[in-house]
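Chemist: So you can see what is in the structure, the chains are spelled out below.
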Amino acid sequence: MMRQITWKLSIKVVFLSLFLVFTVFPLYWIFVTSLKPSNEMFTIPIQYWPENVTFENYINIIKISNFDVYIMNSLILSLIAGVISLIIATLGGYVLARFEFKGKTQVIFAFFITQMIPLFIGLAPLYLLMSKLELINRLPSLMLMYTVMMVPFCTVMMKGFFERIPSSLEEAAMMDGCSRITALFKVIIPVMLPGLAATFIFAFVQCWNELFLAVMFIDKEEAKTIPVAMNSFITKFDIDWGSMSAATVLSVIPTLLLFAFAQKYIVEGMTQGSIKG
Amino acid sequence: MLHLKKGLWVLVSFMLFVGILAGCTSSEVDNSSGKEDKDGKVTLRMIESITSPARTTLLKEMIAKFEEENPNIKVELISPPLQSADEKITQMLMAKEDIDVLEVREQTVKNWATNQFIEDLSAYTSKWEDWNSLTETIKHGATAVDDKPYYIPYGVYEKTLFYRKDWFEEAGIEVPETWDELVDAAIKLTDPSKNRYGYSFRGGAGSSDYIEFMTWSFLGEKIATKDAYFTSDGKVMFDTPEAKQVLDTFVEVYKKASPPDSISWSYPEMVQGFTSGMTAMLIQDPEVIVTAEENMKEGTWDTAPLPKGTPSGVAQQSAGTAGWGIGAFSKHKEEAWKLVSFLSSPEQNLFFAKENSLIPIHLSAGDDPYFKEGYFSAYIEMSAKPEEFLIADRPVHYKGYAEYRALAEKDIQALLLDKLSKEDVLAKWTDFWKKEKENHK
Amino acid sequence: MKIQTETVTERGLPLFRMSKHGLFIFLCLLPAIILVSIFTYYPLLKGVIMAFQNYSAYDLMNIRFIGLENFKTIMADIGFKESLVNSFYWVFFSLIPQFFIGFIVALMLRRKFKGRGVYQAFIFFPWAMSGFLIGLIWRWMLNGQGGVINDLLMKLGIIDTAIPFLADPTWAMVSVIVANVWYGITFFAIMILAALQSIPEELFEAAKIDGAGYFQQLFNITVPYILPTLIVTTLLRVIWILNFPDLIYSLTNGGPAGSTHILSTYMLEKIMFGQNYGQAAAVGVIIIFILIFFSIFYLLATKFNKAGDF
Chain A
1 MMRQITWKLS IKVVFLSLFL VFTVFPLYWI FVTSLKPSNE MFTIPIQYWP ENVTFENYIN
61 IIKISNFDVY IMNSLILSLI AGVISLIIAT LGGYVLARFE FKGKTQVIFA FFITQMIPLF
121 IGLAPLYLLM SKLELINRLP SLMLMYTVMM VPFCTVMMKG FFERIPSSLE EAAMMDGCSR
181 ITALFKVIIP VMLPGLAATF IFAFVQCWNE LFLAVMFIDK EEAKTIPVAM NSFITKFDID
241 WGSMSAATVL SVIPTLLLFA FAQKYIVEGM TQGSIKG
Chain B
1 MLHLKKGLWV LVSFMLFVGI LAGCTSSEVD NSSGKEDKDG KVTLRMIESI TSPARTTLLK
61 EMIAKFEEEN PNIKVELISP PLQSADEKIT QMLMAKEDID VLEVREQTVK NWATNQFIED
121 LSAYTSKWED WNSLTETIKH GATAVDDKPY YIPYGVYEKT LFYRKDWFEE AGIEVPETWD
181 ELVDAAIKLT DPSKNRYGYS FRGGAGSSDY IEFMTWSFLG EKIATKDAYF TSDGKVMFDT
241 PEAKQVLDTF VEVYKKASPP DSISWSYPEM VQGFTSGMTA MLIQDPEVIV TAEENMKEGT
301 WDTAPLPKGT PSGVAQQSAG TAGWGIGAFS KHKEEAWKLV SFLSSPEQNL FFAKENSLIP
361 IHLSAGDDPY FKEGYFSAYI EMSAKPEEFL IADRPVHYKG YAEYRALAEK DIQALLLDKL
421 SKEDVLAKWT DFWKKEKENH K
Chain C
1 MKIQTETVTE RGLPLFRMSK HGLFIFLCLL PAIILVSIFT YYPLLKGVIM AFQNYSAYDL
61 MNIRFIGLEN FKTIMADIGF KESLVNSFYW VFFSLIPQFF IGFIVALMLR RKFKGRGVYQ
121 AFIFFPWAMS GFLIGLIWRW MLNGQGGVIN DLLMKLGIID TAIPFLADPT WAMVSVIVAN
181 VWYGITFFAI MILAALQSIP EELFEAAKID GAGYFQQLFN ITVPYILPTL IVTTLLRVIW
241 ILNFPDLIYS LTNGGPAGST HILSTYMLEK IMFGQNYGQA AAVGVIIIFI LIFFSIFYLL
301 ATKFNKAGDF
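Chains as they are written, first to last, in our numbering: chain A, 1 to 277; chain B, 1 to 441; chain C, 1 to 310.
Derived from the structure by calculation, the hints contain no laboratory data. All residues carry an ideal CB built from backbone N, CA and C; glycine is no exception. Mixed in with the good hints, there may be bad ones.
[What the hints assert, rightly or not] DEER-style ranges, computed between Cβ atoms:
hint: 1; chain 1: B; residue 1: Glu170; chain 2: A; residue 2: Ile62; range: 35 to 45 Å
hint: 2; chain 1: B; residue 1: Lys194; chain 2: A; residue 2: Leu20; range: 33 to 43 Å
hint: 3; chain 1: C; residue 1: Tyr41; chain 2: A; residue 2: Leu169; range: 34 to 44 Å
hint: 4; chain 1: A; residue 1: Glu100; chain 2: C; residue 2: Tyr41; range: 19 to 29 Å
hint: 5; chain 1: B; residue 1: Asp98; chain 2: C; residue 2: Ala76; range: 11 to 21 Å
Chain A extracted, bound-state conformation (with noise of 0.2 Å):
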């Protein structure tokens, strides 16, 4: 008995560990790429910990761009659309959990739809439309867009939250006299944190990290965000591996850090939402 669970134990252990390598190897590679001096890129044999360690790199990216301006342009975007995204998910992902009516099924089914369009089939009028709205190269548009893409996702997310938590919680509420919503606010919500937290989290992801309509919408500095920025590193002059590396990592560190602070409440939030059957 005994020898069987250690033996169990070391697949797992041999297993993860493994796991973990290949996971963490690229990152670990591009943070050693950040930290070569540009003569040392290429050398062979290839160094796996650089000989003259140096930051040039990023002095070079602090210097020749703007990266603080994108780093908050990025957070400023992805926290705001975040938020009015986990908002307007939670007042319609509550309606869809809640009420049984006319065009539910037509609702719900239009927004798995979305999940399907490919995002370059409308780009173009999307340009157009957007260019009479004169929110051509600022922020906010992006901002509208990257509501609208995590809107559907996130009210179905949160409608299977809400299917979990029994109704009679919010009745209880309503019993002594609080309104609907204040019932939803008070009582509701603070149960179901770790899932507003963790669409939160998915929603802030994928915003940080869109690229094509941020392209598509932005090209002046003072807008850019950090995926813009990052593309147009790949420059005419030569693919800059140094700088490339050090911009990637600098990009990451705050996605990182909110992943490393809140991966417990993804889990426990998906947890919440999980099963429906």
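Start from chain A and add chains B and C according to the hints.
Modeler: Frame of chain A, contents of chains B and C only:
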């Protein structure tokens, strides 16, 4: 549950903090989209296409000087990522965005001119004192479509051979003067075990340009003067034995003397291949001089004239230009012209050409020592022997030219992977150009 | 007060009367519906119209309806057929390893152990990154000249000479898929882990008392319990993976010679380099059709009737 609430608190306060910051910065972002400020200042929107951080910095420097001279004009420079910049500009023009000044290139000028996206600059150039001091090449480039100046070029792109002087000396090989010699030398200098290859091949975006000037070189004088994708006896240039020879050479230099990855290399990779010490030879624009000067040791590299074709014995390429034009939907065309003429003035252009290592546009710049010595000497040599180094015009007046380039790029990769035969490729291109010619009438 | 008749039972049977709550329902859904209609469905409609038009940036003066011409042109293009086949490989071979490795990881993380939090934090990283960056990182690692992956494989004695990962059509396809697997395992791991943790512990204890072994427990309790999650997650992944051009765009951009194009990157290329919006839209219409048919078929085959709960 407690730890969760605490965590959420952190999140909320973080959001609030950022929100406050957002309030401060967004006001900055917003006002620049307003066109005319209260004090009557005009804001020009300028968009560039061949972007790179270094060049953008340079342009900003010049713009700052312009704003100093014209205190009531503000210029807002837009620099989209290189890869899709032209597409982006087209998109903006389709939406009738009021772009004031924009970078126009050979590939885009025809399309934008026919769609009336850009202004005919005749009205301005006729009154412009610097027009007459432009070199013939530049005047010719500016008026390539419908004989009207749709843009003022900022320089000439002509290709030259960059090579590793030290490697050639070490191996005791002469610098190649013809494509045959180039292939031989490249094969000799290739040693994959040392991660060394003879030639910086271009198989990715822009590869059709290489087929283009190689075919022109191999056909030499047979190319029709005003219609360079056709021979003087009216055949499509791909419908010739020389074109087959070109593809043989092209495929051989890839398979035997170039990094396998170079099948998808485009400008940045091929330049980097050369400057990082992976490849021995590179055929590229003068812009590379600045990059190479920055990244390579003096004495390890040099330039030489473009290799010649066989049996023609000449090299032939286009004098490529790109420059500044004015958007048709601009609301400040007078001011836009002020900026274009400022950028194109002898003084500013010389500065731009030097910093960017381009061949300048004004006759007067020819006296500047920078363009007479050192790495530019290959260009001087080429222009001193016009009968050996011919200039042909890209067929920009054909509507299908841009489409052909996109199509050819794919075919070239398929050819290199043996998915298509040389004969098939040539037949396909011949068909394309026959149709173009019929439609063009 | 008629609260009693207005309660929703545990099984979710609706007892609310529509009329009373109509306004509330309407107001709550309004923002979502307005946004999605204007900014998703309106451009979609316009896009679908474009699919039947000669809409090309090379020929803007001549935009007109041309019937099914765009579809015909695309169907005749070898590149399209190739990307259709590639799309299948791309989805299938990305999905299967993502699913199984994700599942195993989730199983191993189900029970608490020391350092699980830290471990989770590390392995969730890929999901925090953008497809674009992942493509760039893998391109750097797969670089045929001095790329680290070749170096590692040679050090481990698996290969003797460097593999031209991005220059050879087959290897290039393998490369993009491996990168995608790397990216997608996390998503499955998170979803499945969450589902696993919602299984009541009593179920396992009961099974243990009955003497069920590990695999018996796995197939008799775990899998049936989380089946709905598996079905929905997998369907979503199929849709997302097919519509995921970011990674391929930055890793190979469809090359060499279109051998790594999937439908969505093929479409992107039609726009970016062909500037042919009509044909691109036609590809988009085809993608939507494929996904709708696939979803219907998939949901019927799995007898799953809650399609809306994605």
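Chemist: Would you list, in rising numerical order, the hints stated earlier that this structure does not obey?
Modeler: Going through the list in order, the structure violates hint 5 alone and respects the others.
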